[in-house]
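K.L.:
Assemble chain C onto chain P, guided by the hints.
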Amino acid sequence: MSIQVLVFYLFGTLLTLSALSVITVRNPVYAALFLVLTFFTSAGIWMLLEVEFLAITLVLVYVGAVMVLFLFVVMMLDINLSRLREGFARYLPVGILVALVMAGELLLIIWTKGAQKLPLGEGNPDGFSNTAYLGERLYTEYLYPFEIAAVILLVAIVAAITLTHRGRREGGRYQDPARQVQVKRDDRVRVISMPAVDNKERDA
Amino acid sequence: MDMQSLMTLLLTVGKILLIVVPLILTVAYYTYAERKVIGYMQSRLGPNRVGPWGLLQPFADVFKLLFKEIVLPSSANKFLFYLAPVLSLAPALAAWAVVPFDDWLVLADIDASLLYVLALTSMGVYGVIVAGWASNSKYAFLGAMRSAAQIVSYEIAMGFALVGVIIVAGSINLREIVLAQQGGFFDWFWLPLLPLFMIYFISGVAETNRAPFDVAEGESEIVAGFHVEYAGAAFAVFFLAEYANMILIAALTALMFTGGWLSPFENVPILGNTFIAQPHLLWFLGKMFFFMFLFLWFRATFPRYRYDQIMRLGWKVFIPITIVWLIAAAVFVLLGWVEQGV
Chain P
1 MSIQVLVFYL FGTLLTLSAL SVITVRNPVY AALFLVLTFF TSAGIWMLLE VEFLAITLVL
61 VYVGAVMVLF LFVVMMLDIN LSRLREGFAR YLPVGILVAL VMAGELLLII WTKGAQKLPL
121 GEGNPDGFSN TAYLGERLYT EYLYPFEIAA VILLVAIVAA ITLTHRGRRE GGRYQDPARQ
181 VQVKRDDRVR VISMPAVDNK ERDA
Chain C
1001 MDMQSLMTLL LTVGKILLIV VPLILTVAYY TYAERKVIGY MQSRLGPNRV GPWGLLQPFA
1061 DVFKLLFKEI VLPSSANKFL FYLAPVLSLA PALAAWAVVP FDDWLVLADI DASLLYVLAL
1121 TSMGVYGVIV AGWASNSKYA FLGAMRSAAQ IVSYEIAMGF ALVGVIIVAG SINLREIVLA
1181 QQGGFFDWFW LPLLPLFMIY FISGVAETNR APFDVAEGES EIVAGFHVEY AGAAFAVFFL
1241 AEYANMILIA ALTALMFTGG WLSPFENVPI LGNTFIAQPH LLWFLGKMFF FMFLFLWFRA
1301 TFPRYRYDQI MRLGWKVFIP ITIVWLIAAA VFVLLGWVEQ GV
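As given, the protein sequences belong to chains P and C, one line each in that order. When the letters of the first sequence are read in order and numbered with the working numbering, they come out as residues 1 to 204. When the letters of the second sequence are read in order and numbered with the working numbering, they come out as residues 1001 to 1342.
In isolation and in its complexed conformation, chain C is listed as follows:
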């Protein structure tokens, strides 16, 4: 290997670390934010003992989990049992490779990046199924079956919602999709694709097995779902994957429906060329954090769905609506009500 390719390799590894390390830190503080936000919503204080305002709580949790023993159930399939957490974390991290944070800030600006994200998120379900099966426990297996059926069902609605975005944007590259939304708050895709926007985000909540769709781990029925037999670091990896997936869904919603790094005040005459009207990384992060907050808000607000209601919502409500709105979106573009492309 010559010098140049070695440099490229090192540079790429550096870039990957630049994405993964902040991501993992965000996951750590997302769990803290979750406990604080839900705490305040329920008139409690949330964690407040470790460090000022409990700010060091995530680290205490991480160290606790890392130092705990990983218990291997006696009749579990050892290889698959240890493989499952890896299978669920790897796609959750790999999908970030194509997420553009700014017009130039993207690790791999590939042609079919939206499709790549869709393919990788659809692989996360293997971690769930393999974990449930390898544990050799009926609770874990039941949780895995519920969770996998739910993920597979909602993926269809999610995929259809994304086809709507592709029709309006005229591209399957995430960067170009964002650029196609230029022009200010009312030019973002949330307006022409309002039903798809809502369906995408709700399906995202269901896809990550979060409340109110968290039957996979329904504490009152099957303890903790597919990862009931996992302890210590192996459990921590599942946890990391779940939160990384939530952040990913929030980021994708921000990119595809609310203009990514574009400013909502673009083309507002008074603001002119001030920094508020300029596209910036901070806009993207702000939108992403808003959608991340919605996940927590949902959890504090809604009671859990019954399983048959979840399936009905996915198959009989969301999928038909997305198909109808796909045709509507195509008509919008055809009639010129929505301008396609950059």
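Chain P on its own, in the form it takes in the complex:
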């Protein structure tokens, strides 16, 4: 067994275990952290396939940005676990159905694609730039799907902002940075000249 295969199985085991932990641990913060580990190990597996760009982007986008926000929300919310468990029996049939459909889809892909044995770590030729290749494909062959995905994301951003943005409240107090910057000393402090007082004379 070559080292690559060994590393693959190590990462694969870790990936499966941490993915399982995401849905089994009780503490939601632990669940979120296990999800981070899951993303990280899958990035490691992609690295084995020599797709540097995708692996690093996975870490950058999911670990570095998405999961941070997830953790934020999970930590800020006071999640009541017992109330979450209440609906377990009710949602179980739907959950099983969804799980079965997803498993079926996965099996279908493994059935069709699994027949072609994918070589592991065949290795790219020297000087091959994964990033350049990906960029070339994305902006030539797959330009339209790429652009459409971008537009969908943009629409999602605009929609999220319109849904949550309430605007400024009428009569609310807020700071105007432009006016704050223009403040001069004389607007805030007044230096008054006062005649000196002789203490001895006053006390007498």
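Please note that a few of the clues may not be correct.
What the hints assert, rightly or not - Counterexamples of contact, computed for chain C against chain P with all Cβ distances above 12 Å:
{"no.": "1", "residue": "I1038"}
{"no.": "2", "residue": "F1275"}
{"no.": "3", "residue": "L1282"}
{"no.": "4", "residue": "F1289"}
{"no.": "5", "residue": "L1294"}
What the hints assert, rightly or not - Part of the chain P face toward chain C, derived, beta carbon under 8 Å:
{"no.": "6", "residue": "S18"}
{"no.": "7", "residue": "S21"}
{"no.": "8", "residue": "V51"}
{"no.": "9", "residue": "E52"}
{"no.": "10", "residue": "F53"}
{"no.": "11", "residue": "I56"}
{"no.": "12", "residue": "V59"}
{"no.": "13", "residue": "L71"}
{"no.": "14", "residue": "M75"}
{"no.": "15", "residue": "S129"}
Read the hints as simulated data drawn from the structure, not as lab findings. For glycine and all other residues, C-beta sits at the position ideal for the given N, C-alpha and C.
P.N.:
Just chain C now, with coordinates in the frame of chain P:
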């Protein structure tokens, strides 16, 4: 494992030590330099008791911290409490793997090294959040939330600034980015990307939670931010991570905007082929130390920002400017005002 791969392994470990040991020593003396520089800027002497001119002060500090007890707060989450310092130190050190010190002096010359640095620096925030949450203290948690929100916000501006560098350099490999700046002082990227250069460095200061953006540890409000419950060696690790990150930001600024190891006097006719005009490791270190000095200078000069001002600066000033300048940079390259690539 055969002999050859064992040798490669040992060689790599040796190279890693060759980077990490000087880095940690630099961190130790950076704290000394910080206290001295700020001391002189404020008409004080700074540390001057341990060793000549106080030069052994960093070691005294390190030993003090190592021998102190690590106090575990009674209701803290033990595992995450001890994991947090590791989570913040690991990315700060791992990012150095791809930093080229000279044309050939780099541990891993990978294709997407700039992206790798960006991905790893974005992971440092986990140490902060986990530390704040695991401490089970409201001050630590408030500090962690402030710090994390600030880091995430400024990362966007930083990322956009780096896209500008990528456009002009035509590469996301740090070594090639430096080589694309050949030609002397005015061929470095600071000139065509001046706004991005400034935004990158200021965001770097905010990203490392340094003054004037140090609300995360604002002494007068929340004591010490996310690491308020940490003592001894665990605190020292956070400290190490913060300073290693500052040095990393300084190194990256030197690489991407001021020509890395290239000499500023390249192609100056009088100097010709003298060593001053040649690229050298010392040029890189000199530039890096200059940016490290700026961190200290900022701290001695500026009062702390208010929190809403920090957020406004990040989201409403820096991000729009970077986007506009990205388009400008693309136009520069298109019109041939800036030559793209090596």
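K.L.:
Now tell me if each hint is right for this structure.
P.N.:
Status of each hint after checking the structure:
no. : hint  : in the structure
1   : I1038 : holds, 27 Å
2   : F1275 : holds, 32 Å
3   : L1282 : holds, 30 Å
4   : F1289 : holds, 29 Å
5   : L1294 : holds, 24 Å
6   : S18   : violated, 15 Å
7   : S21   : violated, 13 Å
8   : V51   : violated, 10 Å
9   : E52   : holds, 5 Å
10  : F53   : holds, 5 Å
11  : I56   : holds, 5 Å
12  : V59   : holds, 4 Å
13  : L71   : holds, 6 Å
14  : M75   : holds, 5 Å
15  : S129  : holds, 5 Å
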